[in-house]
Amino acid sequence: MQITLCATAQAAPVHSSTPHSVVDDAGSRIALAGPAQRIISLAPHTTELLFAAGAGEQVVGVVSYSNYPEQAQTIQNVGSYHQFDFEQIALLKPDLIVGWASGNPKPLLEKLRAMGFTLFLSEPKELDDIANNIIKLGQLAGTQANAEKAAASYRQQLADIAQQNKNKKNVTVFYEIWHSPLMTLGGDHLFNKVLALCSASNAFADLDSLAPQIGVENVLQRNPDMILASGMDTSRPDWLDKWLDWPQLSAVKNNHLYFIPPDYLQRHSPRLAIGASQLCDHVNKVR
0 MQITLCATAQ
10 AAPVHSSTPH
20 SVVDDAGSRI
30 ALAGPAQRII
40 SLAPHTTELL
50 FAAGAGEQVV
60 GVVSYSNYPE
70 QAQTIQNVGS
80 YHQFDFEQIA
90 LLKPDLIVGW
100 ASGNPKPLLE
110 KLRAMGFTLF
120 LSEPKELDDI
130 ANNIIKLGQL
140 AGTQANAEKA
150 AASYRQQLAD
160 IAQQNKNKKN
170 VTVFYEIWHS
180 PLMTLGGDHL
190 FNKVLALCSA
200 SNAFADLDSL
210 APQIGVENVL
220 QRNPDMILAS
230 GMDTSRPDWL
240 DKWLDWPQLS
250 AVKNNHLYFI
260 PPDYLQRHSP
270 RLAIGASQLC
280 DHVNKVR
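First residue of the sequence shown? That's 0 in numbering that gives the first Met the number 0, and the numbers climb one at a time after it.
Derived from the structure by calculation, the hints contain no laboratory data.
Each residue gets a CB set at the ideal place from its N, CA and C atoms; glycine is no exception.
Pairs of lysine-lysine, DSS-like flavour, derived with a Cα cap of 25 Å: (1) Lys284 x Lys167; (2) Lys284 x Lys192; (3) Lys167 x Lys252; (4) Lys284 x Lys252; (5) Lys165 x Lys284; (6) Lys192 x Lys124; (7) Lys241 x Lys252; (8) Lys168 x Lys192; (9) Lys124 x Lys148; (10) Lys168 x Lys284; (11) Lys105 x Lys124; (12) Lys241 x Lys284; (13) Lys192 x Lys148; (14) Lys165 x Lys192; (15) Lys167 x Lys192; (16) Lys105 x Lys92; (17) Lys252 x Lys168; (18) Lys165 x Lys124; (19) Lys110 x Lys92.
Beta-carbon label-pair distances, calculated as ranges: (20) Ala113 x Asp187: 29 to 37 Å; (21) Ser179 x Ser249: 17 to 25 Å; (22) Gln87 x Ser179: 32 to 40 Å; (23) Lys168 x Asn254: 15 to 23 Å.
Build the full structure now, drawing on both the sequences and the hints.
Structure (structure tokens):
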């Protein structure tokens with residue numbers, strides 16, 4: 000059963016003449032004279048964070064694949080996370096732009112700064128950073144009450160998941176994020192922290208790259224207990240069943256081939272709690 004994380008109702012902005020000041024994930028202090036009224040989001044996950052913070056009504060521009068919540072799909076598009084429509088951004092006259100520190104090209108972010116726009120950069124590296132981002136965006140948007148509730152709900156869900164799965168036998172997981180070329184996630188990705196909630200581990204945690212390319216022989220050598228597939232949407236990818244060609248794999252032999260929609264595990268938003276819950280359910284089938 001999926002967990003509802005983002006309320007559809009948005010809190011009205013709290014107007015105040017006192018500065019709204021926070022430090023973003025890049026270490027920069029962002030200070031506004033009052034609540035942001037016209038916000039542009041430059042990544043799908045930052046769109047979700049803004050809506051979770053109760054600031055959805057103030058979002059005037061988003062990038063491609065900002066598909067959650069449903070209301071986000073009706074907001075003006077300003078390009079993609081790696082290619083901005085600067086003319087459209089200027090026309091929208093944002094008083095706050097929320098970007099993605101590692102995902103948005105730095106030269107494009109610098110151009111926005113040169114144009115005089117205020118940027119908040121998001122880069123969650125720990126599970127709790129998602130809650131912190133929600134709270135900070137709520138402070139900038141003047142929707143602190145909604146933001147605090149959303150952050151508390153997310154934190155409680157993760158705490159419950161961790162409590163339910165602590166001290167269980169370790170399960171090694173190979174997460175196949177793409178099939179051609181064969182790719183997984185390395186040890187520095189936030190996915191490893193989600194696995195830890197389930198008392199599970201990444202079969203390729205020793206690799207430094209965030210999304211390393213590997214070979215079938217590497218998977219055969221490491222022989223994971225479980226194979227988890229990503230995909231393009233909510234549909235189970237056909238390529239997951241290609242692993243049936245290697246019946247010597249423990250995951251294949253024991254029928255532990257699973258799928259979770261990528262937005263639940265790869266998008267750093269409150270919906271990560273949904274992904275964590277589904278992941279732990281699959282991991283517990285392996286034990």
